[in-house]
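Novice: The primary structure of each chain is shown beneath.
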Amino acid sequence: MARIIVVTSGKGGVGKTTTSAAISMGLALQGHRTAVVDFDIGLRNLDLIMGCERRVVYDFVNVINQEATLNQALIRDKRNENLHILPASQTRDKDALTKEGVERVLNELSETFDYIVCDSPAGIERGAHLAMYFADDAVVVTNPEVSSVRDSDRMLGLLASKSRRAELGQDPIKEYLLLTRYSPQRVKLGEMLSVEDVQEILALHLLGVIPESKAVLNASNSGTPVILDEKSDAGQAYMDVIRRYLGEHVPHRFIEQERKGLFGRLFGS
Amino acid sequence: MGLIDYFRSSRQPTAAIAKERLQILVAHERSERSKPDYLIALQKELLDVIRKYVHVDQDAITMTMEQDDSREVLELNIVLPDESERRPMHR
Numbered sequence: 012m013a014r015i016i017v018v019t020s021g022k023g024g025v026g027k028t029t030t031s032a033a034i035s036m037g038l039a040l041q042g043h044r045t046a047v048v049d050f051d052i053g054l055r056n057l058d059l060i061m062g063c064e065r066r067v068v069y070d071f072v073n074v075i076n077q078e079a080t081l082n083q084a085l086i087r088d089k090r091n092e093n094l095h096i097l098p099a100s101q102t103r104d105k106d107a108l109t110k111e112g113v114e115r116v117l118n119e120l121s122e123t124f125d126y127i128v129c130d131s132p133a134g135i136e137r138g139a140h141l142a143m144y145f146a147d148d149a150v151v152v153t154n155p156e157v158s159s160v161r162d163s164d165r166m167l168g169l170l171a172s173k174s175r176r177a178e179l180g181q182d183p184i185k186e187y188l189l190l191t192r193y194s195p196q197r198v199k200l201g202e203m204l205s206v207e208d209v210q211e212i213l214a215l216h217l218l219g220v221i222p223e224s225k226a227v228l229n230a231s232n233s234g235t236p237v238i239l240d241e242k243s244d245a246g247q248a249y250m251d252v253i254r255r256y257l258g259e260h261v262p263h264r265f266i267e268q269e270r271k272g273l274f275g276r277l278f279g280s
Numbered sequence: 281m282g283l284i285d286y287f288r289s290s291r292q293p294t295a296a297i298a299k300e301r302l303q304i305l306v307a308h309e310r311s312e313r314s315k316p317d318y319l320i321a322l323q324k325e326l327l328d329v330i331r332k333y334v335h336v337d338q339d340a341i342t343m344t345m346e347q348d349d350s351r352e353v354l355e356l357n358i359v360l361p362d363e364s365e366r367r368p369m370h371r
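Protein sequences appear in the order of chains R and V. For the working numbering, count along the first sequence from 1 and bump the result up by 11. For the working numbering, count along the second sequence from 1 and bump the result up by 280.
In isolation and in its complexed conformation, chain R is listed as follows (with noise of 0.2 Å):
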């Protein structure tokens, strides 16, 4: 049995995508078989942050319409073999996903996986309701900005009412946050919320916090997750995150202003 992981904010642009793929090839690189499904029809991206966009044949529409087996439409990662991924389809058509359809396919990707990172579109519509119907744990990305604070707020509402786990009266979906888009350096002048703040406001279990980084930008350029780079500060907040979410205790980094020499204070960048 796999554990289903939804990746949700409500809000768009605060990096759901960015994270599915830094969280599943995360896990995969712990040596976790690992699948990646997006949720987001009509407005595929995941392939693209993945840098498999021109391996794609057939879709997640194409195997709940039995048009494609799910074998045919998974995509093996080239850099890590746990990893494989179900890119969305590009139909117009929004009533392609169906809450039947979706089962089937989780419940075959269950059968070979340990986790499915499910990426869901922006919005509280259909692709983001079957995104989490059926999740075991969520990830709630939230920017420390208003409307993202707001919306993630939702979402925590949703998950709790209408979920699979919540209609069927089980245990409720765990529910993480992951603060991305941190400046510390804003956060320390008072014009950023600070960790402390969206949690006071949300009461979530903090996952972890992922600073503002160029390498996220450079990352998806080059269709590399971002977690593969090593030695940015974002790639190695993500990977806190994973080793945090597999149980281990690893202090958060990233939430204090790095010290700079007197220099750097007085005319720094």
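Simulated from the structure, these hints should not be mistaken for lab results. Errors might be hidden in some of the hints.
[As the list claims (entries may be wrong)] Simulated crosslink set (DSSO-like; lysine-lysine; CA at most 27 Å straight-line):
1) R:K185 <-> V:K315
2) V:K299 <-> R:K185
3) R:K22 <-> V:K315
4) R:K173 <-> V:K315
5) R:K185 <-> R:K22
Everything numeric in this text was worked out from a predicted model, so none of it was measured.
Place chain V on chain R using the hints.
Specialist: Just chain V now, kept in the frame of chain R:
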């Protein structure tokens, strides 16, 4: 971050404003979310009962549910029509 930035931005700590606004908003939205589903059905049935005796408009009834630490208060506000003036009646 340079010296000029430091003086320019330390005047207005906007993060504190953001936090306060969010705390109020999130608390409000959570209370809306936790309202029981039967509230709308209850409102409709109550209105039907009242209409058996008095003629009131659909929007003449408002219902709010408030919660403090120890109790929940269901407040029902019906505006009854009057010949000379509209007189609100609280219950």
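Novice: State for each hint whether it applies.
Specialist: How the hints compare with the structure:
no. : hint              : result
1   : R:K185 <-> V:K315 : holds, 23 Å
2   : V:K299 <-> R:K185 : holds, 25 Å
3   : R:K22 <-> V:K315  : holds, 24 Å
4   : R:K173 <-> V:K315 : holds, 15 Å
5   : R:K185 <-> R:K22  : holds, 20 Å
Hint compliance for this structure: no hint is broken.
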